[in-house]
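Visitor: Residue numbers (UniProt numbering), protein chains in the order written: chain A, 1 to 292; chain B, 1 to 292.
Simulated from the structure, these hints should not be mistaken for laboratory data. For each residue, glycine too, the CB sits at the ideal point set by N, CA and C. It cannot be assumed that every hint is accurate.
Short derived list, chain B residues pointing at chain A, Cβ under 8 Å [to be verified]: (1) His129; (2) Ile133; (3) Leu136; (4) Gly137; (5) Val163; (6) Ile167; (7) Arg168; (8) Pro185; (9) Ala192.
2 protein chains.
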Amino acid sequence: MQAYFIGIDGGGTSCRAAVADADGRIIGRGRSGASNILTDPDTALRHIEEATRLAFGEAGISADLSEASALLGVAGNNVGDAVSYVQARLPFRHSEIVSDGLIALQGALGDDDGAIGIVGTGTIFILRHADEIHYLGGWGFQVGDLGGGARLGHAALQESLLVHDRIRPGSALAARILDEFAHDPRKIVDFARAARPGDYGRYAPVVVSFAAEGDAIALRLMKDAASHVDEALDAMARIDGGTGRLCLLGGLAEIYPSYLAERHRSRLVPPQGDALTGAVALAVKAFRREGV
Amino acid sequence: MQAYFIGIDGGGTSCRAAVADADGRIIGRGRSGASNILTDPDTALRHIEEATRLAFGEAGISADLSEASALLGVAGNNVGDAVSYVQARLPFRHSEIVSDGLIALQGALGDDDGAIGIVGTGTIFILRHADEIHYLGGWGFQVGDLGGGARLGHAALQESLLVHDRIRPGSALAARILDEFAHDPRKIVDFARAARPGDYGRYAPVVVSFAAEGDAIALRLMKDAASHVDEALDAMARIDGGTGRLCLLGGLAEIYPSYLAERHRSRLVPPQGDALTGAVALAVKAFRREGV
Numbered sequence: 001m002q003a004y005f006i007g008i009d010g011g012g013t014s015c016r017a018a019v020a021d022a023d024g025r026i027i028g029r030g031r032s033g034a035s036n037i038l039t040d041p042d043t044a045l046r047h048i049e050e051a052t053r054l055a056f057g058e059a060g061i062s063a064d065l066s067e068a069s070a071l072l073g074v075a076g077n078n079v080g081d082a083v084s085y086v087q088a089r090l091p092f093r094h095s096e097i098v099s100d101g102l103i104a105l106q107g108a109l110g111d112d113d114g115a116i117g118i119v120g121t122g123t124i125f126i127l128r129h130a131d132e133i134h135y136l137g138g139w140g141f142q143v144g145d146l147g148g149g150a151r152l153g154h155a156a157l158q159e160s161l162l163v164h165d166r167i168r169p170g171s172a173l174a175a176r177i178l179d180e181f182a183h184d185p186r187k188i189v190d191f192a193r194a195a196r197p198g199d200y201g202r203y204a205p206v207v208v209s210f211a212a213e214g215d216a217i218a219l220r221l222m223k224d225a226a227s228h229v230d231e232a233l234d235a236m237a238r239i240d241g242g243t244g245r246l247c248l249l250g251g252l253a254e255i256y257p258s259y260l261a262e263r264h265r266s267r268l269v270p271p272q273g274d275a276l277t278g279a280v281a282l283a284v285k286a287f288r289r290e291g292v
Numbered sequence: 001m002q003a004y005f006i007g008i009d010g011g012g013t014s015c016r017a018a019v020a021d022a023d024g025r026i027i028g029r030g031r032s033g034a035s036n037i038l039t040d041p042d043t044a045l046r047h048i049e050e051a052t053r054l055a056f057g058e059a060g061i062s063a064d065l066s067e068a069s070a071l072l073g074v075a076g077n078n079v080g081d082a083v084s085y086v087q088a089r090l091p092f093r094h095s096e097i098v099s100d101g102l103i104a105l106q107g108a109l110g111d112d113d114g115a116i117g118i119v120g121t122g123t124i125f126i127l128r129h130a131d132e133i134h135y136l137g138g139w140g141f142q143v144g145d146l147g148g149g150a151r152l153g154h155a156a157l158q159e160s161l162l163v164h165d166r167i168r169p170g171s172a173l174a175a176r177i178l179d180e181f182a183h184d185p186r187k188i189v190d191f192a193r194a195a196r197p198g199d200y201g202r203y204a205p206v207v208v209s210f211a212a213e214g215d216a217i218a219l220r221l222m223k224d225a226a227s228h229v230d231e232a233l234d235a236m237a238r239i240d241g242g243t244g245r246l247c248l249l250g251g252l253a254e255i256y257p258s259y260l261a262e263r264h265r266s267r268l269v270p271p272q273g274d275a276l277t278g279a280v281a282l283a284v285k286a287f288r289r290e291g292v
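One chain only, chain A, in its complex shape:
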């Protein structure tokens, strides 16, 4: 089989694969289900293979995966056990597993220096400067991910309880949330006891839309969240002088710019490409270099 480069963007809800020809041009794409190597590595492996076969199918190529080389960007790439398990079972001739953040960075910036902020349910900030990659933030909902949708939704529930107890003045946002829980704080407590980050995150769009209408609580929550993003962007600018390009990615990428400090807002540029494009580009670099 001719040399093909496969890039894979493995996420918690779906797995995307793209196959590129020897020139690095994407000739087919495929998508399958969840590929979380930490929580369910076997399902992840199945979906990685499925997405890759679909990509070869779209390219009209009868694939022999054991002849192809793939680069995968996944969450949990820093957990050695999970990576070893998956790496040993991948169907490819050569494979490399990197962080989902790194393929997003490559997709957004290409080979240039610069920084990205991934602002979705969680948050993480990644900077490439002088051939080094710096990761800031992340660390998950419980003690990190400040500025992410889960923390934003969580803050909205907490505020609603303060409004219910008349500790803080109410607003339309608090009324909307308290209505949903029949004005019974115990229902909010029950929800919170079982809530996963994604469950809290479903309240983030509610906060965003009330903030857009000028709701006082929603605006305060958005500004608090944006100040966390500002702080992380400042920390990256202290490393590279704030000279590189800066992209926001993720579900809140379109929302944050108007809430950020001007010094960051004025630097923002749209990403060149997405994480899957980045994975393919890194695959080409990794395996062409190795001459495979």
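Starting from the structure of chain A, add chain B where the hints point.
Guide: Frame of chain A; chain B shown alone:
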């Protein structure tokens, strides 16, 4: 058997009982193990009976519990199922289950109007005014208990991660915490994933002691926490005009006064008695009224 009044303070780590004579004078006390009616009602029942028998023993009385009347203050008294289960199995002739907050209020204020703030691992604020009891706050670690030791400890861990990532400037407190986790953020994330409120709460005394030495992060966390307590106290003052007595109870009661707003600090008085004394007083009132 002569009429005896039993007061019980049932907590998550221990159960305390006191027995009073017909005049309401406490003549014996007993202590046993955990009595959480929500998580382990059968153990709670056993410890309630054990503490009561010890109290009768200290009083030198051969007890017939089925002739005595008891008032119990417990956490979870608003969860109907747990209360019904326990109430049906208590060994007493008459029994009444109220909140742990109510016996604390009675102990602190006697029959007077006024307010208490229980500031321990969690927080709750209770006001008695014009024959009504108002509860504010509480709601547990996930979406409430602002100003409590668990939230304070949690905030310290979160700050330490921001310091680790150089998003915020460090301090001796952050260094102390990062040292404990070998400067490996993943160890903090692992801790947080499994941590119960009490686990976070163990970092509260660390914050308190660093704040006393002027540590910048610890001072900011203490002031943030105290501002939540101030807000709750303000909310109670809006109900009663701030005219009644005000007591702080719980593990942080001695710590908060110096961080609170002057308008609250100047009103603080020491509690008259503890929650167990309050339970006995409420038992006397409840059962003497009923003529039992």
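Visitor: For every hint, state whether the structure bears it out.
Guide: Each hint, compared with the structure:
no., hint, verdict
1, His129, "violated (14 Å)"
2, Ile133, "violated (14 Å)"
3, Leu136, "holds (4 Å)"
4, Gly137, "holds (6 Å)"
5, Val163, "violated (11 Å)"
6, Ile167, "holds (4 Å)"
7, Arg168, "holds (7 Å)"
8, Pro185, "holds (6 Å)"
9, Ala192, "holds (4 Å)"
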